[in-house]
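K.L.:
In the order they appear, the protein sequences are chains P and L. Mapping of the first sequence onto my numbering: residues 94 to 415, in sequence order. Mapping of the second sequence onto my numbering: residues 613 to 940, in sequence order.
Note that these hints are calculated values from the structure, not bench results. Glycine included, every Cβ here is placed at the ideal spot set by N, Cα and C. Take these hints with a grain of salt, some might be off.
[Claimed, not checked] Covered by chain L, per the in silico footprint, the following chain P stretches (three or more residues, Cβ under 8 Å): (1) 99 to 106; (2) 146 to 152; (3) 163 to 177; (4) 237 to 248; (5) 306 to 312.
[What the hints assert, rightly or not] If you only want the chain L side, here are some residues facing chain P, beta carbon under 8 Å, derived: (6) L764; (7) N765; (8) A835.
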Amino acid sequence: MSLLTVQNLQQYFPVRGGLLHRAVASCKAVDGVSFTLNSGETLGLVGESGCGKTTLGKAIVRLLKPTRGKIEFDGQDITHASIGALRPMRRHVQMIFQDPAESLNPRHTVRDILEEPFIVQKMGTKEERRKWVLDLLDKVGLSASATDRFPFEFSGGQRQRIGIARAIALKPKLIVCDEPVSALDVSVQSQVLNLLLDLQRDMGLSYLFIAHGLNVVKHMSDRVAVMYLGKIVELAPAEELYHNPRHAYTKALLDAIPIADPTKRRERQLLRGDVPSPINPPPGCAFGHRMKHPKWEQSVNMDLTLKEIAPGHFVQPCPCCT
Amino acid sequence: MSSTASILEVRDLVTAFDGDAGRMTAVDGISFDVPRGKTLGIVGESGCGKSVTAFSITRLLPQPHGKILGGSIHFEGRDLVSLPLEEMQKIRGNDISMIFQEPMTALNPVQTVGRQLAEAILLHTECSKAEVLARSIDMMIKVRIPEPAQRLNEYPHQLSGGMRQRMMIAMALINKPKLLIADEPTTALDVTVQAQILELIADLQKEMGMSVVLITHDLGVIAQVCDEVAVMYAGRIVERANVHELFAKPRHAYTQGLLESIPRLDSKPKTLLKAIPGNVPGIADFKPGCRFAERSGRNHTAQQLNTRPPFIEISANHWVENCPICVA
Ligand SMILES: Nc1ncnc2c1ncn2[C@@H]1O[C@H](COP(=O)(O)OP(=O)(O)OP(=O)(O)O)[C@@H](O)[C@H]1O
Ligand SMILES: Nc1ncnc2c1ncn2[C@@H]1O[C@H](COP(=O)(O)OP(=O)(O)OP(=O)(O)O)[C@@H](O)[C@H]1O
Ligand code: SF4
Ligand code: SF4
Ligand SMILES: [Mg+2]
Ligand SMILES: [Mg+2]
């Protein structure tokens, strides 16, 4: 059974302007996204900067109030749940951020940071919580001596481990990992990725794993969703997406990855231009519009809801891409 | 390699910082050449001394703490280390340019990008307003900034991250340098913008015959664009070779570890990656012997821990810190 079901989710932000600072337009950061995530599964989410990945993640953990659509977690509709009603669910859904420095309070020791989730959930005695903190540190490969130190005393990789320790404290079912290794070195990156894989195996976690590099996402995921300008344009099992990409945007993203093999230098079809603003998205397929695709006009009047073209392989149905 | 084949020859460079805890060596006796018209990649984890190396070459070390203590940096026959500062200023931004890790630190936020480009031109050449404008627009077209005439009047914050980085490249290339030092020019960017920028540098290099030092910790970038590679670890170059040789026959344990730790597109999803345990030591903790020893997972004698392995040419143009255990 699926742990998380997202249906036609929209997350708009008001764009304010004018003298009265009134909402004059809306930024359609997430504009009609649907997918499911099973227990113990990892769904990867890729796309260029600004395409709405973080916004989607934040909407799912309900750090935002979704504009429209539906989010069901563990059989419960949490789309519009109040803060009070969300509390029991918060235990089970956590988020890890790209820059742990931003999400770890610099004035709190590692002990304070890791004890907090238990205190919020009113769990354990002081002694029990201390023991749990040590267990957590051990799980993420940090020594007990870390407890009385502050986040800035750690390296980037170690700080990310602290962020992960906090995220797994309450034994959640789902963790939204928002670019957890983008700021890290290759070697530290592989340490952290391995840790996430190990924890998933031990604890049966599900991940929504966000990154902008398809190589990292593909390595971590069972299935991968490709996002462009607030919409998912293709979703498929990781291997399938890599061997048989169908949407032009997926192909372009795959093409942009620098392959660590000098014998495989490529003449690439480079993506030109920048991701357009989600305030005034073009009609039809936004990517076709950016690429001035000869068949873009055909997409304007089409229903671009994802279609299943092979088992588990969904793609925007445009005659030219698919 | 004869000196005419290389535009830059660095020999036994030592760079240190003076701090409260005394003098600490960040770059500890490194040697490398940059072949004319080619790209040398410098790769290594964060804190290995890549930027300090770049700042040593351009003589932009933070003052008063940063000092070159020894060695030479020959650029077209002249030793930059002993050059008077005024002479160095004539070279910098003209014959040698640098792209910095963080574009916002190099662009002036309160000046339009056009004004900044004009200043870069006028610092090294005298030319008319019309010429300055023409050259600026020409350069912006080269780095593919749309509507250049209009963009000239904009401030850095009005540009997207990718465009800012292209603007930095325009500034670095405006005087057609012979040597470009690019310090992580794409690390903060999207894969797609990264690919655009790397292609741009390669195109301009071909067109202008420029030599490039490309600093990165991304081995994918190295594989795609570099001719030669120097692998840096804890202030030293542990291995240096042609890019094909290095990827096919890495000899040093650190190079091997780096290469094995990358998630590859053709690897099986959700399998554990080979990871190098531990971290790069801080410069206060640098040991005299092989600095990679503690992360290598091998046992070492005190003798090995205390003596630096010699840097030797193990096969034609393939140099390595020749430790008898690692480099069999
Ligand atoms: N709180 C907000 N208010 C208004 N607009 C926002 C807000 N948060 C995000 N946006 C806008 O929504 C769009 C999507 O942003 P988001 O951060 O989700 O992108 P992303 O895919 O995570 O990008 P990146 O890879 O750079 O992290 C952007 O245009 C952004 O400017
Ligand atoms: N101004 C300074 N004073 C003291 N130490 C410094 C200074 N600048 C750099 N260092 C130290 O020198 C070492 C090398 O730093 P450097 O910035 O060259 O690393 P890098 O290889 O460029 O890393 P990154 O990939 O993170 O940019 C580090 O240990 C750093 O802490
Ligand atoms: S072929 Fe259709 S779906 Fe594909 S990019 Fe072009 S317009 Fe978009
Ligand atoms: S075996 Fe030699 S080169 Fe390898 S880590 Fe040990 S001392 Fe260094
Ligand atoms: Mg984001
Ligand atoms: Mg650096």
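K.L.:
Decide, hint by hint, whether the structure agrees.
P.N.:
Going through the hints against the structure:
Under a criterion of three residues with beta carbons nearer than 8 Å to beta carbons of chain L, the stated coverage of the region 99 to 106 of chain P fails, only 0 such residues being counted. With 0 residues carrying a beta carbon less than 8 Å from a beta carbon of chain L, the region 146 to 152 of chain P misses the three-residue requirement, and the given coverage is violated. Counting residues of the region 163 to 177 of chain P whose CB lies closer than 8 Å to any CB of chain L gives 0, which falls below the minimum of 3, so the coverage claim is violated. Here's how the region 237 to 248 of chain P fares: 1 of its residues keep a CB closer than 8 Å to some CB of chain L, so the rule of at least three is not met and the hint is violated.
Chain L is given as covering the region 306 to 312 of chain P, and this holds because 6 residues of the stretch bring a CB closer than 8 Å to a CB of that chain, at least three being needed. A distance limit of 8 Å between C-beta atoms decides the matter here; for L764 (chain L) the minimum to chain P is near 18 Å, and the interface restraint is violated. Given the 8 Å rule on beta carbons, the hint for N765 (chain L) is violated: about 19 Å separates it from the nearest Cβ of chain P. With its C-beta approaching chain P no nearer than about 4 Å, A835 (chain L) sits inside the 8 Å limit, and its interface hint holds.
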